[in-house]
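Asks: Sequence:
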Amino acid sequence: RAGVRIAEVNVNGDLGTVTGLDIALDGESGSGFEVAAAYRVAPTWDVELSLLQSSLTLRAESATMPSLEAGDADLTVIAATLQYRFLATSRWQPYLGVGVHSASLSGFAASAALVAKGTESIEFDDSVSVTALIGARFALSDRLAVDLRGTYHDLGTDADLIQAGNGAWGTARVDVDPWAVAAGIDVRF
1 RAGVRIAEVN VNGDLGTVTG LDIALDGESG SGFEVAAAYR VAPTWDVELS LLQSSLTLRA
61 ESATMPSLEA GDADLTVIAA TLQYRFLATS RWQPYLGVGV HSASLSGFAA SAALVAKGTE
121 SIEFDDSVSV TALIGARFAL SDRLAVDLRG TYHDLGTDAD LIQAGNGAWG TARVDVDPWA
181 VAAGIDVRF
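Numbering (this note's numbering), first residue to last: 1 to 189.
Careful, some of the hints might be misleading.
Stated by the list, open to error - Using C-beta positions, here's what the derived DEER-type ranges look like:
#: 1; residue 1: Trp92; residue 2: Ser121; range: 43 to 51 Å
#: 2; residue 1: Tyr39; residue 2: Asp125; range: 48 to 56 Å
#: 3; residue 1: Arg173; residue 2: Val146; range: 34 to 42 Å
#: 4; residue 1: Ser67; residue 2: Glu120; range: 15 to 23 Å
What the hints contain is simulated information worked out from the structure, not anything from laboratory work. We treat Cβ as the ideally placed atom computed from N, Cα and C, and that holds for glycine.
Use the sequences and the hints to build the structure in full.
Replies: Listed below in structure tokens is the structure:
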């Protein structure tokens, strides 16, 4: 089966303080999409590979400066999950899943306010960790189903603040830990 979903990504983590500085990074929710392909390995078990793409807005703040929009970044999560489907012969099929993911925050576009504070860009390390999901499918026919799900990605990364002309000047441990709530259509081949 394959599926396409619209997703709302909610940042769930404590986004961290820059080492040695009184600056914290924080995040806001974003919207995006998810595509997935799954293979049934047993009557109640599926293996799924999914791609989540979303944009997030990051904020920076400190005791000496008010909160400001730091800029936007693209969140990409590729996950492989093993899913157990309850009520496998019913039209209504709730399921649980667990797996691993590789995630990246890329394409960071610094805001004018961040550049004015001396930071030209922020570079993020990639992350590999665990994923968990809960969802339900409702069969519209033998081939089509509506799919609703909530997916949690344990996502921690180091963010290097890049100063114009001088390279990295501070690093923050950023725990994004997004929840993606998605709805869409699955097609069975």
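Asks: Does each hint hold? Answer for all of them.
Replies: Here's how the hints hold up against the structure:
no.	hint	verdict
1	Trp92 / Ser121: 43 to 51 Å	48 Å, holds
2	Tyr39 / Asp125: 48 to 56 Å	31 Å, violated
3	Arg173 / Val146: 34 to 42 Å	39 Å, holds
4	Ser67 / Glu120: 15 to 23 Å	20 Å, holds
In summary, the structure is inconsistent with hint 2 from the numbered list given earlier, while agreeing with all the others.
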